[in-house]
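Below are the chains, spelled out letter by letter.
Protein chains: 2
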Amino acid sequence: MTAAAKIDILVSEVGPRDGLQSIAAVMPTAAKKAWISAEAAAGVREIEVGSFVPASLLPQLADTAELVAHALTIDGLSVAVLVPNFKGAQRAIECGAHKITLPLSCSESHSLKNLRRTHAQVIEEARAIGELLRSLPAARRPCFEGALSTAFGCTIEGLVPERKVVELAEALMAAGCDEVGLSDTTGYANPTQVRSLTRAVWAAVGRDRLTGLHLHNTRGQGLANVVAALDIGLTTLDASLGGIGGCPFAPGASGNIVTEDLVFLLEAMGYRTGIDIDRLLAVRRLVQAALPGETLYGFVPDAGLPKGFVPAAAQAPALVAE
Amino acid sequence: MTAAAKIDILVSEVGPRDGLQSIAAVMPTAAKKAWISAEAAAGVREIEVGSFVPASLLPQLADTAELVAHALTIDGLSVAVLVPNFKGAQRAIECGAHKITLPLSCSESHSLKNLRRTHAQVIEEARAIGELLRSLPAARRPCFEGALSTAFGCTIEGLVPERKVVELAEALMAAGCDEVGLSDTTGYANPTQVRSLTRAVWAAVGRDRLTGLHLHNTRGQGLANVVAALDIGLTTLDASLGGIGGCPFAPGASGNIVTEDLVFLLEAMGYRTGIDIDRLLAVRRLVQAALPGETLYGFVPDAGLPKGFVPAAAQAPALVAE
Numbered sequence: 000m001t002a003a004a005k006i007d008i009l010v011s012e013v014g015p016r017d018g019l020q021s022i023a024a025v026m027p028t029a030a031k032k033a034w035i036s037a038e039a040a041a042g043v044r045e046i047e048v049g050s051f052v053p054a055s056l057l058p059q060l061a062d063t064a065e066l067v068a069h070a071l072t073i074d075g076l077s078v079a080v081l082v083p084n085f086k087g088a089q090r091a092i093e094c095g096a097h098k099i100t101l102p103l104s105c106s107e108s109h110s111l112k113n114l115r116r117t118h119a120q121v122i123e124e125a126r127a128i129g130e131l132l133r134s135l136p137a138a139r140r141p142c143f144e145g146a147l148s149t150a151f152g153c154t155i156e157g158l159v160p161e162r163k164v165v166e167l168a169e170a171l172m173a174a175g176c177d178e179v180g181l182s183d184t185t186g187y188a189n190p191t192q193v194r195s196l197t198r199a200v201w202a203a204v205g206r207d208r209l210t211g212l213h214l215h216n217t218r219g220q221g222l223a224n225v226v227a228a229l230d231i232g233l234t235t236l237d238a239s240l241g242g243i244g245g246c247p248f249a250p251g252a253s254g255n256i257v258t259e260d261l262v263f264l265l266e267a268m269g270y271r272t273g274i275d276i277d278r279l280l281a282v283r284r285l286v287q288a289a290l291p292g293e294t295l296y297g298f299v300p301d302a303g304l305p306k307g308f309v310p311a312a313a314q315a316p317a318l319v320a321e
Numbered sequence: 000m001t002a003a004a005k006i007d008i009l010v011s012e013v014g015p016r017d018g019l020q021s022i023a024a025v026m027p028t029a030a031k032k033a034w035i036s037a038e039a040a041a042g043v044r045e046i047e048v049g050s051f052v053p054a055s056l057l058p059q060l061a062d063t064a065e066l067v068a069h070a071l072t073i074d075g076l077s078v079a080v081l082v083p084n085f086k087g088a089q090r091a092i093e094c095g096a097h098k099i100t101l102p103l104s105c106s107e108s109h110s111l112k113n114l115r116r117t118h119a120q121v122i123e124e125a126r127a128i129g130e131l132l133r134s135l136p137a138a139r140r141p142c143f144e145g146a147l148s149t150a151f152g153c154t155i156e157g158l159v160p161e162r163k164v165v166e167l168a169e170a171l172m173a174a175g176c177d178e179v180g181l182s183d184t185t186g187y188a189n190p191t192q193v194r195s196l197t198r199a200v201w202a203a204v205g206r207d208r209l210t211g212l213h214l215h216n217t218r219g220q221g222l223a224n225v226v227a228a229l230d231i232g233l234t235t236l237d238a239s240l241g242g243i244g245g246c247p248f249a250p251g252a253s254g255n256i257v258t259e260d261l262v263f264l265l266e267a268m269g270y271r272t273g274i275d276i277d278r279l280l281a282v283r284r285l286v287q288a289a290l291p292g293e294t295l296y297g298f299v300p301d302a303g304l305p306k307g308f309v310p311a312a313a314q315a316p317a318l319v320a321e
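If you read the protein sequences in the order shown, they are chains G and R.
Heads up, the first sequence stops at 321 in numbering that gives the first Met the number 0, and the numbers go up one at a time, no gaps.
Heads up, the second sequence stops at 321 in numbering that gives the first Met the number 0, and the numbers go up one at a time, no gaps.
I should point out that these hints are in silico values taken from the structure, not numbers from a laboratory.
Small disclaimer: the values here were computed from a predicted structure and weren't measured.
Hints may be right or wrong, so weigh each one.
Because identical chains share one entry, a pair is satisfied inside a single copy or across any pair of copies.
Said to hold, decoys possible - Think about it this way: if two alpha-carbon atoms lie no more than 35 angstroms apart in a straight line, the pair counts; the simulated DSBU-like pairs of lysine-lysine are: (1) Lys5 - Lys306; (2) Lys163 - Lys112; (3) Lys98 - Lys306; (4) Lys306 - Lys163; (5) Lys5 - Lys32.
Work out the full structure: start from the sequences and follow the hints.
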């Protein structure tokens with residue numbers, strides 16, 4: 000599988016960031032590098048390798064700069080990082096990350112509780128980052144995504160009105176983001192809502208400015224929401240190998256949707272991901288060895304591939320997804 | 000919630016049959032009756048209460064006749080049973096079941112291994128049952144479904160050709176079935192295949208003759224397949240409370256899709272099921288108490304409903320599923 004092979008859906012691996020920040024154990028840097036390399040070798044085209052947050056807050060991600068440097072040596076890999084603010088963005092740019100993601104929680108209560116910032120304050124950070132990016136030569140300018148977290152509902156506020164999400168999407172784009180993403184931080188989303196909210200944001204900011212969805216599997220609805228996302232034409236899906244991190248409120252639930260189960264779904268449906276699922280499944284051993292005692296999730300890893308399974312690229316054209 | 004309230008999707012509970020036949024423990028008859036009554040009281044409109052197989056083969060289901068008699072006392076409940084052959088159908092008719100389901104495995108290897116019967120032999124049973132049914136007065140005639148098991152693939156043969164499934168659907172209808180159903184016995188199905196196979200069978204036997212899908216969650220794809228089923232307009236979905244039975248090859252996987260997670264998905268999407276999800280969740284306690292030590296599955300039971308959750312019947316018309 001060469002990096003140039005055409006894909007239909009970009010699977011963006013967020014385990015090294017969203018997964019690892021959710022557990023107490025600190026994975027050694029060498030193991031993280033091996034994980035990133037192994038997933039890229041399996042065909043994964045984008046990996047969120049860490050977050051530029053103070054090490055005092057998230058010691059699990061203190062080695063993000065080193066991981067960006069490592070990931071940049073891998074040909075064809077898009078290297079993404081999360082940045083909580085302007086300072087984080089500066090560091091990400093210095094390191095040469097290809098993509099930076101600034102989260103904005105659509106629920107202001109959630110934003111205040113988790114980031115200690117109002118919506119206006121986060122939008123102001125976005126504006127400052129946008130200005131900094133515009134001052135850079137194009138070759139050094141990463142893609143800047145605003146991530147609309149709790150977009151499908153919040154454990155404090157409950158349902159977040161669609162118009163609020165749309166309004167914040169517009170504000171992020173006006174502040175200088177290149178694109179926005181929708182995040183189901185709380186595992187509240189359902190397929191009807193995925194379609195409806197995506198269409199509403201598309202109507203406001205343009206279809207090419209929202210291509211991605213970040214799902215959690217708290218209520219077991221993650222892959223059901225993926226089907227809705229595929230139906231309307233979203234093309235980037237975040238997932239985490241082994242669903243690392245789990246969900247503290249739901250003992251059997253992974254955190255993010257599980258990369259292995261997602262890739263199986265996509266390839267079985269006829270969507271090319273560029274990922275070799277056998278090689279992807281093999282990466283679990285490496286991650287499990289580096290996180291002894293930590294639960295890895297996923298159904299396909301336990302059940303195995305169906306007998307005679309045919310990945311998308313090998314399917315007859317008539318079988319390719321409608 | 001009265002039995003007359005309109006529903007969009009019929010959730011057919013198969014736990015007392017498919018769930019209980021998959022575990023070694025024998026649930027006491029009184030507990031089964033309480034389970035059936037409690038689920039009906041929560042709004043479930045159809046329950047497969049057992050199977051007329053020899054008690055020597057499945058002692059777990061030896062009390063099926065008594066359960067049918069009990070279930071028939073519940074107003075508005077459709078009482079379904081599985082019948083492996085003509086003799087089972089005779090017993091089901093004597094008991095007054097509303098619906099009988101004869102399984103036919105689309106993989107002949109699977110049919111020989113599990114039922115010790117060729118396709119031709121099963122079709123002959125169907126023909127004999129159809130003849131018996133036609134000899135009955137209409138009021139005593141149950142609905143006769145032919146269930147196409149391993150329709151999405153088989154652990155022995157791998158992929159089952161679509162034309163084979165279609166051919167068997169036609170043969171079952173010609174033999175006297177009122178309708179056919181598609182069963183993903185092995186957890187091989189994907190959403191593209193659900194759409195494609197349903198359309199192929201519809202083209203052969205008529206859209207009104209295939210309304211139901213029976214899914215397993217072996218590879219975590221059960222609810223993703225439900226979304227595809229809803230999109231094309233299937234209206235009956237089998238599920239099992241707590242996903243009882245599990246899957247011997249996939250330690251974390253339920254057997255059938257989990258009724259609680261399915262009802263959450265449907266109601267969140269705006270599809271009315273007639274089921275009160277809080278009352279449904281409460282039925283788990285009763286089932287767990289009657290099956291000590293047995294694992295119950297499900298994500299929604301662990302995570303709880305989202306804050307501010309609005310079931311379908313209470314949603315504004317604009318939010319109802321497209």
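Hints and how they fare:
1. Lys5 - Lys306: within (26 angstroms within a copy, 41 angstroms between copies)
2. Lys163 - Lys112: The answer is within: 18 angstroms in one copy meets 35 angstroms, while 57 angstroms across copies does not.
3. Lys98 - Lys306: between (38 angstroms within a copy, 33 angstroms between copies)
4. Lys306 - Lys163: between (47 angstroms within a copy, 18 angstroms between copies)
5. Lys5 - Lys32: within (26 angstroms within a copy, 56 angstroms between copies)
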